Amino acid sequence: MTLVAGLRAAAYGVPFQPVGGVHGSDLAALNGWRKVKDPYGSGEEVYVIPAIRPDVAVIHVNAVDEHGNARVLGSPFWDHPLTRAAKRVLVTAERLVPTATLAAQPELTLVPGFMVEAAAIVPRGAWPGSMHPDYEIDYAAVESYLRDEDGALEAHLNAAPEIV
Amino acid sequence: MKNDWTPFSYIVVNLARQIRPSELAFSGVNSTLPMLACLLAKRAYDFHFTWLNVAGGVEPEPGKVPHSSSDPAIVAGSPAIFANEDFYDLCARGGLDLVFLGCAQVDGRGRTNVSVIGEWRNPKVRLPGGGGAAVMMPTARRVATWRTEHSTRTLVEKLDFVTAAGNLQTVVTPLAVFQKEDGRLALESWNPQVTPDEIVRRTGFKFDANGATPTAPLTARERSALDSLDPAGEFAAEVA
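As they're listed, the protein sequences go chains H and D.
Going by the working numbering, the residue at position 160 of the first sequence is 161; the numbering climbs one at a time, nothing skipped.
Going by the working numbering, the residue at position 171 of the second sequence is 172; the numbering climbs one at a time, nothing skipped.
Hints listed in this document are in silico derivations from the structure and should not be mistaken for laboratory results.
Chain D regions said to be covered by chain H (calculated; three or more residues, Cβ under 8 Å):
hint	stretch
1	71-80
2	84-90
3	136-144
4	163-172
Here are some chain D residues pointing at chain H (derived, C-beta under 7 Å):
hint	residue
5	Ala56
6	His68
7	Gly133
Remember, it's a predicted structure, so these values are computed and weren't measured experimentally.
Quick reminder that beta carbons are idealized off the backbone N, C-alpha and C, glycines included.
Construct all of the structure, not just a fragment, from the sequences and the given hints.
As structure tokens, this is what we get:
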């Protein structure tokens, strides 16, 4: 959540972002996070996280149109703050759809096309992870690349279904 | 029948018993046992509570229980998506009653380490990190944690690193349930398969055991809920 505070600072265009909690954690000293006292007089001290502005954000989405409008179904996890914080946004998508499809339910478009620099159509691009509701986690594939043996990772990469 | 707890059933059921009526409870990533505890509480207890999970689920009704507690499959049946930004913010403004947060080590003050074993700059084991624990532990009303290993290296007098501190209330291991009282963890109840003396020997921090009692046995409803959640014993096999 401190990471997201940094992303939010960048998205809001300010140098730092206050965040709840963190009190009592060694992470504050390790990362050099500072506290500020509420300037409005409540007496409360709040940690502030410096802005994190990624050069590029890459997200995988369910559908994209030719303008880069990107639809995300299910939980967006961190896609919203990440795409707003980054200088450039790249998208990979399960499928290309007509703009009219997105326009029928515009609230499902998480990133409008004007923010997207480039998009690629990569079916099963989240494999072996899941892409709700298109496919679930491939647990067997995750377990196979974790095996501590020669060639396990190479075999996994060669099995990638998005490579045709 | 009375003393047939397994490490798996003891942890899941005693985590479930921390949930109170009308509460908002949250389970996160790498938290299979709390995920099962929330599902068990839904099936075994008569009161209502709201379950949120890290995949964005609000009162989901998953037909099958996924292996991973962050699998989008646990959103199935959810009438809303309340995703990461939302549940962290809800916690930060004091809106989560009970949050389940994992740990590698916990100390007698109820602080946790999920960051590193050994020195930060020269670690023996680099751990995955808190995943928001530093923000959630001080802001949630109550936090419960668990360890499948009850030993002096997991329940310690001094943490290698303090990842999170604050409102940790409950620690559940296969042997015991600790509750924080006046800033220190105290033994609330113990698995009747062991003695309080054994718990003292296997715990790295000193604790008060006055008022502790044997843990109440598994009820028939808890047992049948557990069986329905893990019919083939796959989850139980991971807690040996």
